[in-house]
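Each protein sequence line maps, in turn, to chains X and Z.
No gaps in the numbering here: position 29 of the first sequence is 32 in the working numbering, and each next residue is one more.
No gaps in the numbering here: position 204 of the second sequence is 233 in the working numbering, and each next residue is one more.
Derived by calculation from the structure, the hints in this document are not laboratory data.
From the three backbone atoms N, C-alpha and C, an ideal C-beta is built for every residue, glycine too.
Hints should not be assumed to be uniformly reliable.
Listed next, the stretches of chain X that the computed footprint assigns to chain Z, with coverage defined by at least 3 CB atoms under 8 Å from CB atoms of chain Z [stated by the list, open to error]:
(1) 4-11
(2) 22-32
(3) 37-43
Over the 10 Å line for every Cβ pair with chain X, so calculated as not near, a few chain Z residues [to be verified]:
(4) Thr129
(5) Leu282
(6) Ser353
Using 27 Å as the maximum straight-line C-alpha spacing, the simulated DSSO-like pairs for lysine-lysine come out as follows [to be verified]:
(7) Z:Lys35 x Z:Lys66
(8) Z:Lys305 x X:Lys14
(9) Z:Lys261 x X:Lys14
(10) Z:Lys32 x X:Lys14
(11) X:Lys44 x Z:Lys66
(12) Z:Lys40 x Z:Lys335
(13) Z:Lys125 x Z:Lys136
(14) Z:Lys354 x X:Lys14
(15) Z:Lys305 x Z:Lys261
(16) Z:Lys136 x X:Lys14
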Amino acid sequence: MTIQDIIILSKKIGVGIAVFLIPTLIISSGLWATQVYLTDKHSPKVASEAAHKKPCEAPTRAQSNN
Amino acid sequence: MEKEKKLKIAKNLLASVFIYALPVVLMFLWLYATGQKPWEEAFATPQINTSTEWLQPIVAIFNHLNTWGLTALVLLLGVAEFALGLYDRRWDTNEKILDTACFIIPKLILAPITAYFGLKFLPYALPELQNIFAWVPFWWGFAIIAVADDLTQYWYHRLHHEVPFLWRFHRTHHSAPYMGMAMAGRQNIIYTFFFSQIYVTATMVYLGLGFPALFVRVIKSTITTLAHSSIKWDKPFYEISFLKPIGWVLERLISTPATHHAHHADTADDGIGNYKGNFGNMFFLWDLIFGTGIISRKYPKSYGIKTYQQEEWYAQLAWPIFKSKIEGNELAATGPEVNKAEFAL
């Protein structure tokens, strides 16, 4: 192995890491964002249940955000 | 770099980001519309069980994939190929040693490396994130892994054809003047050890998508092995009338012997061979999306590389650690980086 071989090998590993990181970051951040966004938000099912409750039982905007 | 080339790279990158994100976005919309929050429910890793007797061998392959399932398939195909005489007399001692070494060595070395990556490195680098996405429903996980794994392999593969300094790491896969199931694993070991998609999938398994990943691995390995096989199982789909519509979908969706053999052809001048394209492994769809696919429904007359000099098996297996003694050869110490006649660009 020469210095030139080690440079080529390092460049090859660099390309491999980039090709690994792009999909891993896109998918992981997408799944994380899905969980965070939907946890914080009332789902349509919950919203429709709330609509059938009496006004005094329905959660306020402030409560629903907790 | 030319402006046109830069624009093409930017377009391909944007399209890839969109495709990687697509199954996640669709899952988000589905969860949003149905109001489900699977992370709030108790979930358990599903098991494959069946009481139907005739399904038992298939279930066994899925359940024992990592021990003998895929090896059994490859060996079974290998026996069929030999029985049908599909290797002719082109499988000489040098090729035999190389193909056998490529079949065995990754199983002995790659498995411990990926195990170390998944069981030691990731828990160290990403503590507390283990199984964080285990809530992802099975079929969405399957779609996410299938796209992530195979699109990553498409780009890893394509870059080794289009970036000059990467070509010699992939040349071994194209040097054989024949096609067969052994070709699926015939790779330079450094190309195999740095397969990006292996580490993408290993990371997803660590994050909780292990069960869908198992299914993707079985299906992908089966399709990839069958696409390299010299048994032309796709031929009836092009010749029998009632099978033609299925064939039309099949050849666009997955790699078949016709489309993948074209990638291993030694010439692109006959309108059949396409070694400058048809890069897809499990899905052929990527070649259609990124404009690198050619469907001819025909099989090349000859395979390999025109400039192949039967380089020593050890040089093909582990270049640049071991080099060829053939003067002027690409794998020799003083050889050229790439022979323009066999390169994709």
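For the pair supplied as a hint, Lys305 of chain Z and Lys14 of chain X, is the alpha-carbon distance within the 27 Å limit? It holds: about 23 Å lies between the C-alpha atoms, which stays within 27 Å.
Satisfaction of hint between Lys14 of chain X and Lys261 of chain Z, Cα-Cα up to 27 Å: violated, 38 Å
Do three or more residues from the segment 22-32 of chain X put their C-beta atoms closer than 8 Å to C-beta atoms of chain Z? holds (count 8)
Checking one constraint from the list: CA of Lys40 of chain Z to CA of Lys335 of chain Z, max 27 Å. Satisfied? violated, 33 Å
Are the Cα atoms of Lys35 of chain Z and Lys66 of chain Z separated by 27 Å or less? violated, 42 Å
Can you confirm whether the C-alpha distance between Lys136 of chain Z and Lys14 of chain X stays at or below 27 Å? Holds: Lys136 of chain Z and Lys14 of chain X sit about 25 Å apart, inside 27 Å.
Check of the segment 37-43 of chain X against chain Z for coverage (Cβ-Cβ below 8 Å, three residues minimum): holds (count 5)
Mind taking a look at whether chain Z covers the segment 4-11 of chain X? Criterion is 3 or more residues with CB to CB distance under 8 Å. holds (count 4)
Given hint Lys261 of chain Z paired with Lys305 of chain Z - CA-CA distance at most 27 Å: Within the cut-off at roughly 22 Å; holds.
Classify the label on Leu282 of chain Z as holds or violated, using whether its beta-carbon is more than 10 Å from each beta-carbon of chain X. holds, 20 Å
Given the proposed pairing of Lys44 of chain X with Lys66 of chain Z, does the C-alpha separation stay at or below 27 Å? holds, 10 Å
With d taken as the least Cβ-Cβ distance between Thr129 of chain Z and chain X, does d exceed 10 Å? holds, 25 Å
Checked against the numbered hints given earlier, this structure breaks hints 7, 9 and 12; the rest are met.
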